[in-house]
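**Q** Since each chain comes alone in its own frame, lean on the hints to assemble the complex.
Chains A and B are the protein sequences, given in the same order.
In this text, residue positions in the first sequence follow the numbering used here: the first is 166, and each later residue adds one.
In this text, residue positions in the second sequence follow the numbering used here: the first is 12, and each later residue adds one.
Honestly, the hints are just simulated from the structure, not real lab data.
Cβ coordinates follow ideal geometry from the N, Cα and C atoms, glycine included.
Hints should not be assumed to be uniformly reliable.
Stated by the list, open to error - Coverage of chain A stretches by chain B, computed from C-beta distances (three or more under 8 angstroms per stretch; other residues unrestricted): (1) 167–178; (2) 183–196; (3) 210–223.
What the hints assert, rightly or not - Across the chosen pairs, the derived CB separations fall in these ranges: (4) A:L187 - B:D200: 26 to 36 angstroms; (5) B:D62 - A:R262: 26 to 36 angstroms; (6) A:V249 - B:H138: 43 to 53 angstroms; (7) A:L187 - B:E98: 18 to 28 angstroms; (8) A:Q181 - B:G165: 39 to 49 angstroms; (9) B:G151 - A:V340: 42 to 52 angstroms; (10) B:D62 - A:H243: 42 to 52 angstroms; (11) A:P373 - B:D112: 38 to 48 angstroms; (12) A:R320 - B:A101: 32 to 42 angstroms; (13) A:R262 - B:A87: 46 to 56 angstroms; (14) B:E94 - A:P373: 44 to 54 angstroms; (15) B:A113 - A:V249: 33 to 43 angstroms; (16) A:A202 - B:D188: 31 to 41 angstroms.
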Amino acid sequence: MRRPLIGLTSYATEVQYGRNDLMAAMLPMTYVRAVHAAGGRAVLITPDEPGTDVLEALDGIVFTGGGDVSPDAWNAEHHPATEVDAVRDAAELMLMRAALDADLPVLGICRGMQVMAVATGGSLHQHLPDLVGHERHRAAAGTDPLAAGASDYGRHDVVVDENSRAHELFGRTLVVNSFHHQAVADPGEFVPVGWCPDDRVVEIVEHPGRSFALGVQWHPERTTDLRTFTALTEAASVGAIIPA
Amino acid sequence: MRPIIGITSYVVPATWGVWRDLPSTLVPHDYVEAVTLAGGRAVLLPPDDRDADVLRALDGLVLAGGPDVDPALYGAACAPESEFVIERDAGELVLLRAALDADLPVLGVCRGMQLLTVAAGGTLHQHLPDVLGHERHRPGPGVYGEHEAVFTAGSRIAGLMGTDRAIHCFHHQGVADAGSLTVTGRAEDGLPEAVEDPARRFVLGVQWHPEYRRDQRLFGALVDAARTGMKENGTTCADR
Numbered sequence: 166m167r168r169p170l171i172g173l174t175s176y177a178t179e180v181q182y183g184r185n186d187l188m189a190a191m192l193p194m195t196y197v198r199a200v201h202a203a204g205g206r207a208v209l210i211t212p213d214e215p216g217t218d219v220l221e222a223l224d225g226i227v228f229t230g231g232g233d234v235s236p237d238a239w240n241a242e243h244h245p246a247t248e249v250d251a252v253r254d255a256a257e258l259m260l261m262r263a264a265l266d267a268d269l270p271v272l273g274i275c276r277g278m279q280v281m282a283v284a285t286g287g288s289l290h291q292h293l294p295d296l297v298g299h300e301r302h303r304a305a306a307g308t309d310p311l312a313a314g315a316s317d318y319g320r321h322d323v324v325v326d327e328n329s330r331a332h333e334l335f336g337r338t339l340v341v342n343s344f345h346h347q348a349v350a351d352p353g354e355f356v357p358v359g360w361c362p363d364d365r366v367v368e369i370v371e372h373p374g375r376s377f378a379l380g381v382q383w384h385p386e387r388t389t390d391l392r393t394f395t396a397l398t399e400a401a402s403v404g405a406i407i408p409a
Numbered sequence: 012m013r014p015i016i017g018i019t020s021y022v023v024p025a026t027w028g029v030w031r032d033l034p035s036t037l038v039p040h041d042y043v044e045a046v047t048l049a050g051g052r053a054v055l056l057p058p059d060d061r062d063a064d065v066l067r068a069l070d071g072l073v074l075a076g077g078p079d080v081d082p083a084l085y086g087a088a089c090a091p092e093s094e095f096v097i098e099r100d101a102g103e104l105v106l107l108r109a110a111l112d113a114d115l116p117v118l119g120v121c122r123g124m125q126l127l128t129v130a131a132g133g134t135l136h137q138h139l140p141d142v143l144g145h146e147r148h149r150p151g152p153g154v155y156g157e158h159e160a161v162f163t164a165g166s167r168i169a170g171l172m173g174t175d176r177a178i179h180c181f182h183h184q185g186v187a188d189a190g191s192l193t194v195t196g197r198a199e200d201g202l203p204e205a206v207e208d209p210a211r212r213f214v215l216g217v218q219w220h221p222e223y224r225r226d227q228r229l230f231g232a233l234v235d236a237a238r239t240g241m242k243e244n245g246t247t248c249a250d251r
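So that you can see chain B by itself, here it is in the shape it has in the complex (with noise of 0.2 angstroms):
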């Protein structure tokens, strides 16, 4: 079977066919893309904060984009700026820290990269403009900021996305400190846009949006990784 990538979603309330405003679960329908071209399995894993239950049934997972983090989260006193919903900081920590003692590969995207840094005990920026004095990583309201990104030699994400370097951003929040993970990419203005932890099979956070081109190198990396770990672990359909 193919590898199961779980990924975290947001709960807003949506307006659709006859209903407005109902209070759903949902991520845009790019990250499903990305990961079926993949060759994944992608299933929806909506806020829950009881138990990381459901890795067992996962081989990869994706924290998609979203809200940003409670800064309680890294010590930090509440911006003006900062919006976040407690329920899926909650949620998807208990995901990401077991996720991570079961060495499962991680693909942390905009918020999801934010997310990885603070599980690593890192900070964030809570208005990039302040820190900045630009906006070009959010530049207005549906419009992605575009980047030349540079990457560390020899990490994995240079090697993935080798010589086209161009990147898509859309976020007001940055990473401060990594934490205990490496930073590996970075946009022309310093800011750090890509985040591994090498002593992890795969753990990889990008501030841009690689969904957004459904971008086989990196959803594919995912893919991959998630396919070895079902080789190592020897998963059978009767184990599930």
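Chain A on its own, in the form it takes in the complex (with noise of 0.2 angstroms):
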């Protein structure tokens, strides 16, 4: 049986590695190695050209984490903590309603999660520190925010809708790490399922009338929890076992 081809939207960006100092297409190699400990094989989507033919060859795709999303896209004046990439935004954007609209399965982490209530007619929050008055989506007290370590994410809990598909995922409530400072305001045509209960901030939704679209504000592409990747891939397999 081949592996489903799962699409990993990606970063253009200025980045140091060795002696060089450049432009790279790129991706925290933690993504990677969850779809493929999911048993999917993994390509990175660049987001320079924004047309979705690609979707076409690919059995699912991941939106992944990143820098905030345009509040030009739902009308917003811009947060001063607000930092957006035009260029991914649009790629994505328009990536995210095609997928949709194909019904591939979809999931969303962090930044993604994000573009799929914005991507269906909703918004967010810029700046959730303004909102639930503590930092705790974006790193535990007392450790350092900049260094890469997984502990390095704020901790909380997640309770989770009995009466959704992410429930049968997750179950009731689960731990999960968290680096972000907006969130989902109008979920668009996503369904909010599951929240922090310290501060009602969503942290899951997911889409009725697509057959795997879930979206997630945690990250976990950097646990050992990769119940979220397992149900992409398969969900992607499905599509993927049709004859050529």
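**A** Shown next as structure tokens:
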């Protein structure tokens, strides 16, 4: 049986590595390893070219973490803390709509979940600390938010709606990591089905009208809990076994 | 739809935004732009040696530049200057061998030309200054060596390059024995700069960096070959 081919949206950004300082198409390996561990084959989808024809070659797609989504998309003023990448926004909003139209299995992670909301007519809170009065969605107290280890993400509970598909995957509660300062305000066509119990920040969304369209606000790729990736590759395998 | 061109990618600790030394997969964006300008759709291929399954989605393959190839793969002892990444060698060789079997168009750049050579049974010089007595193929950190190449009349690369034979090199290893490939370009010092497999539809390796100038002569030829393959195979959306 062939492995489902899973696209990962990626950065095009200035990067330093070794002696190099240059513009690169790139993504942390954690996403790639998570897809491979879940039985898929990962390819990176670069944001420079906003066409959507590449979706025809994929069995599933992950919208990955990254910078903020521009509030221009829902006609709001920019918060001073909002940092956007217009090229990536344009490419991913178009890809998201096309992927949903084609009913391609879609997983949104952090920024990717926010793209789900915005691409379907929703909106975001631009700076959570203004809303909830704390920083626990960004980093655990006393840790260095700039360090690269998984323990540097904030940790909190998520409570899952019992009448959701996410509940079949996660059960009633789970503990997640967290590194974001924006959050879903209006989920658009998606339905919020998981929340942080402390502040009601939306942590899981799903699309009732699609075979598999799940968004999570946390970073499963940086944990050993790969249920989200396994669910995606299983959904993608259904498409992948249709004979050519 | 546009031909999909897979580009093999690095795995390195990378620093950007708030992140420091996070293991990442990447390629210089020049490659993506060169493919996009040529009318292809670039996707990046992180190393994975489990199988070559991903080829079914590709119409062409770019073997990007990168670290040295493990000398064990061409039967040599490792010289002190050789620096290789086993994970990348393994992943790229699985892909390349399957791509050659399927006669998929392949463009090898720098390390990619060296990998083509190794897959063809050839061998590499592990440190050119020891062999050539000069550093003109890698003058210094971040500095390209500029050369005028000489191409074999009638070869694919000669036809593509025309009269402008200026090339930009950055490498410390080079092709010693091209194996079953044909050397079709050389630098002034005789070092192989281009290899081809005339028996296949499009297999071209260049020791220089055509992506640096987004050279449409080379990337355009790759994408054209990929597009021709789509037509010949009758590839449609439904087949994918």
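**Q** Hint by hint, say whether it matches the structure.
**A** Status of each hint after checking the structure:
no.	hint	in the structure
1	167–178	holds (count 8)
2	183–196	holds (count 12)
3	210–223	holds (count 10)
4	A:L187 - B:D200: 26 to 36 angstroms	holds (28 angstroms)
5	B:D62 - A:R262: 26 to 36 angstroms	holds (32 angstroms)
6	A:V249 - B:H138: 43 to 53 angstroms	holds (46 angstroms)
7	A:L187 - B:E98: 18 to 28 angstroms	holds (22 angstroms)
8	A:Q181 - B:G165: 39 to 49 angstroms	holds (44 angstroms)
9	B:G151 - A:V340: 42 to 52 angstroms	holds (51 angstroms)
10	B:D62 - A:H243: 42 to 52 angstroms	holds (46 angstroms)
11	A:P373 - B:D112: 38 to 48 angstroms	holds (45 angstroms)
12	A:R320 - B:A101: 32 to 42 angstroms	holds (36 angstroms)
13	A:R262 - B:A87: 46 to 56 angstroms	holds (52 angstroms)
14	B:E94 - A:P373: 44 to 54 angstroms	holds (52 angstroms)
15	B:A113 - A:V249: 33 to 43 angstroms	holds (41 angstroms)
16	A:A202 - B:D188: 31 to 41 angstroms	holds (40 angstroms)
Checked against the numbered hints given earlier, this structure breaks none of them.
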